[in-house]
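Enquirer: Residues per chain, in single letters:
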Amino acid sequence: MSEPADAQLAQWRHYLASDPALAAADLDELESHLRDQIDDLESVGLSGDEAFLIAVRRLGRTDELSREFAREHSDRLWKQLVLGGEASAEKPERSGALAIGFAVLAAALVKLPALWSATEDVTLRNVPIFVLGVLAAWFLVRAQAVRSSVAIVTVAFVGAAVLVNAYPFAAGADTLLLTVLHLSVALWLVVGVAYAEGRWRSDRARMDFIRFTGEWMIYLALIALGGAVLTGLTLGVFTAIGVDVGRFVGEWLLPCGAAGASVIAAWLVEAKKSVIENMAPVLTAVFTPLFTAMLVVFIVAAIVQVTADGLSAFDAQREVLIVFDAALVVVLGLLLYTLSARDASTRARWFDALQLVMIIAALVVDVVVLSAMVGRIGAFGASPNKVASLGLNLILLVNLAWAAWLQFGFLRGRLTHGVLERWQTSYVPVYLTWCVLAAVVLPPLFGFA
Amino acid sequence: MRIGKDLVAAAATPIVLGILAEGESYGYAILQRVAELSDGQLAWSDGMLYPLLHRLERLGQVESNWVDAPSGRRRKHYRLSAAGEDAFAEQRRQWAVVTDTLRRVWTDRTERGLALPDGAGA
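Respectively, the protein sequence lines represent chains Z and H.
Position one of the first sequence corresponds to residue 1 (the working numbering), numbered consecutively onward.
Position one of the second sequence corresponds to residue 450 (the working numbering), numbered consecutively onward.
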């Protein structure tokens, strides 16, 4: 290849290197293509410059090429939306003002139920719906969503509000808490419909939402840390001058701040994608080994305990089982977040083997918890909490079992990473179905107790 | 003759799978093979092949690895996986139905005579 073509090629590469949709490996591949093409064109007598121009022209328009790559690799697009450039046209100040407006709205709505009823139950019933509703509305307004998305989201939220307020829950009922919990998860997935801008059937969009969820939690945790410092100092300085602000902090600052923070965290995830993106691999690399170690040690300890005391060690307290449920959910969350943050084109590494160990350990724990649960239900009869816990465990068992099998196939090089991702993204409707089912069916089944 | 964009897009996957079924290959060589097979009539922007190959890879239908050519140039080679063989066979069956149908509908028309307006149908 001639000198001038070489120089042009370097410039071309430099120009495209700033495009977030094109990874370095893609540029290598395209460059090797251009070099082949230029060689062929030069061999039939074209000059270096001419050959370069024709080769690049045949490659296609840069914006179209970038869009095609972005569509296939939406995980890279994540860094900065290049599709059509709509998102980049959005001015940062405007998007910030919109987010702050919705945050204030969420904060105000938290206090709304208190206006018509002072009981805590009414607040508990409505606040999650309000906050998630504002978040969904923010996504819809921001993206100027299509009518079908608006319709789905509206119907879901109105339906949830009607359900939770129409059910005649007894005061302080277990089923009320369960319904609110399951509805919140279901509505979070509905927020995902708003997030996906009409593409909620696509597995890429679902994976993006899973990644969004993880990053939203990280931002929320960071804001909560700052909020805790602020709250502590507020209490401290006012106590020093003899003014008690405890009530203000407890009734206004914390609930309103938390509601507003949920919108601000979502905006930060969207506005500052590349910041967290660098943190995600680090966080998963740190916590996957730690959680694996925790589960493995737990299994060993449990075996020792059971051989010493017999199976009675397990069917002890209800709280213990709830802790296990929480641990399993966190493991699944970690697995999902790792999947979503991983570059799908790389091959299996030691980290993937470690992940398989974590999944298998979680599976063992799940089976232990499940058998303890069945034992409890057999001995003491069913209760809403037990049924909800049992359902969650079964769902996690199926997911983890198949995930382990796929991970094994991936490690042996028989499956691509995409298969693992698609299993998880196609499993999302199962969570939605279960949550809706649990929220709708459990309360009447147990007499709203 | 210029072949419509939608038709090119629909044909791209089976053609690429078919070429890879002949044996391992890389982007530039695949495009040359397409040009050769279609006498240069079927063409798309060269760059568009790569996102297509990446999609097939994500779906597990092709596998890839980087190979150093004797010239010292690095090339990303693609080959069909077992799942890709299945997908190729499936695509082949589907396209056979389409081409058969087209051939029949056209030969029928020729036999009845193109000038006659076909109002009766079946």
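To be clear, the hints were calculated from the coordinates, so they are not data collected in a lab.
Possibly wrong hints are sitting among the right ones.
To be verified - One side only, chain Z facing chain H, incomplete, derived with CB under 10 Å: (1) 36; (2) 37; (3) 40; (4) 42; (5) 43; (6) 62; (7) 417; (8) 418; (9) 419.
By construction, the Cβ of each residue, glycine as well, lies at the ideal position given by its N, Cα and C atoms.
Enquirer: Take the hints in turn and mark each one as holding or not.
Expert: Evaluation of the provided hints:
1. Hint status for residue 36/Z: holds, given a least beta-carbon distance of 4 Å to chain H, under 10 Å.
2. Interface hint status for residue 37/Z: upheld, as the beta-carbon distance to the closest one in chain H is roughly 6 Å, under 10 Å.
3. Hint status for residue 40/Z: holds, given a least beta-carbon distance of 9 Å to chain H, under 10 Å.
4. Restraint check, residue 42/Z versus chain H: the minimum CB separation of about 14 Å is more than 10 Å; hint violated.
5. Proximity of residue 43/Z to chain H is violated relative to the hint, the smallest CB-CB distance being about 13 Å (cut-off 10 Å).
6. Below 10 Å, beta-carbon pairs count as interface contacts, and residue 62/Z has one with chain H at about 9 Å; its hint therefore holds.
7. At about 8 Å, the closest approach between the beta carbon of residue 417/Z and any beta carbon in chain H falls short of 10 Å, and the interface hint on this residue holds.
8. With a least beta-carbon distance of about 4 Å to chain H, the hint placing residue 418/Z at the interface is held under the 10 Å criterion.
9. Interface hint at residue 419/Z: satisfied, since its Cβ lies 6 Å from the closest Cβ of chain H, which is below the 10 Å cut-off.
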